[in-house]
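Protein sequences appear in the order of chains A and B.
102 is the number that the working numbering gives to position 102 of the first sequence; each next residue is one higher, with no gaps.
To convert, count from 1 in the second sequence and add 1000; that's the working numbering.
Think of the hints as simulated: they come from the structure by calculation, not from any bench.
A virtual CB, placed ideally from N, CA and C, is assigned to each residue, including glycine.
Mixed in with the good hints there might be a few duds.
Claimed, not checked - Some, not all, of what chain B presents toward chain A, calculated at C-beta under 7 Å: (1) L1020; (2) L1022; (3) A1029; (4) L1071; (5) A1076; (6) Q1087; (7) S1118.
Unchecked claim - Non-contacting residues of chain A with respect to chain B, defined by C-beta distances greater than 12 Å in every case (computed): (8) S14; (9) V42; (10) L44; (11) A83; (12) S92; (13) L100; (14) R121; (15) D157; (16) A235; (17) G236; (18) D246; (19) F269; (20) K271; (21) L273; (22) T274.
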Amino acid sequence: MSAYQENFFSRGPSALARLTFFSLVAIAIMIADHRFQALAFVRLGVSVVLTPIEQLLMLPGKLVQRASLHFADQNRLVAENTALKAQVLELSAGHQQAQLIRAERKYFESLGDANKRLGDRGLVAEIIRDARNPFVRKVILDKGSSHGLRPGLAVIDGNGVIGQLTAVGVLTSEVTLSTEKDQSIPVMGLRNGLRAIAVGSGRDGTIDIPFIPVGADIQAGDALVTSGIDGTYPAGLSVATVMNVDRNPAFQFAKVSAKPVAGTDQQRFVKVLTHEELKDYPRPDVKPDDGKPVRERVVPKRREIR
Amino acid sequence: MRLPAPFGLLAGSFVFAFLLNLLPWSGVALQISPDFVLLILLYWAVQEPRSVGQGLGFILGLVMDVADSALLGQHALIYVVAIFLVQLLRVRVLQLNLPAQALHIGAILILAQAIGVSLNLSLGREIPGTWMAIAPVVGALLWPVISLVLALPRLRNRSARTIG
């Protein structure tokens, strides 16, 4: 092991000692970041310095984009315009219905004080770029904590939920897409109100729906919308469409895969829903300490079963 | 006697490599683009072992982690291990010609890539694509280019001083 000793008079710890030290520190940092999310302030600090540099680097690309937009051909613009007009018509019809429903809902809310889950306030942000990490599904937005954003907010586009803000810098923020591994959204089936959790699969364009019993009423084509029971996502936002239901009686649960309705590939602008946090989120007032440990109450003893 | 590299060249090369890494890469380009900061780190760890070592690699790795929205510490670990290996091979690498050096660097880059991939796999993530296997090859191919470009200013300096 003397090959790496560069000379006789080298001072300080050996290369191997340094390697051990730095690797251990790096691993400790990884654990702190992954398990306890303890190092958010480091990210924030470094991103403050990095953001202006990144903006500067984006400049040439933006100029080219603007120039190409300037010379965009007539036909494409006309086609886009017609499509947009049709979409406006469709949306305004939907909007009128929504107004009616909202008015009714307001009435109901005034009757009992239901929590306000409908989020209609939001902030439009532009997607600057993908995260430069092929392993993760994240995009970076051009709005940050200085615009009032905070981690945990839901992000949507014209079609439905894109994901959730997971890291917020001063001028930029990071959206974890709904397809990212283990990114989960509480959903329900629009057809029958079946509650489920949409969990990102870690592959592009697929969302898994785990823990659906084999006999559950779910079929390909079912639309899944947010159920709003988490207090993070407002209720009623489109999330995904069920693509494939694989019912194998050998397993307890069906294998359900869905396709997200929103895509970040086409969209440049998204909306961050800045609804208020549901602080008085209703919790069931069941107290676990009624003398017995919870486990004894729930699980019957084995002998009794026999 | 070889003169030490000027501080400006050292810092400038790191800034430039960092900017290259910060370019908005995406898709296949992201997968095959080598880590320029790591390449520059390896180059200076061979040429200037007194000023560039594992400590600098560790710090730059943390900065890259934030920039790439990766797990904090991931790049730091990769850089530190890669620099350790190049320190191990330094005496040998310095005696070789550029293509042979590139082979050694390529091997280190493959190992660095393997560490990154296995870290991400251990987090339950999927391999994004097979193009990733090309990145170390691209990095190794860039090694002679980097060596020549970064040696030029120093050559000029040296001849100027010997003449003057």
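* **Unmet hints by their number, sorted upward, for this structure** => 1, 3, 7, 8, 9 and 10
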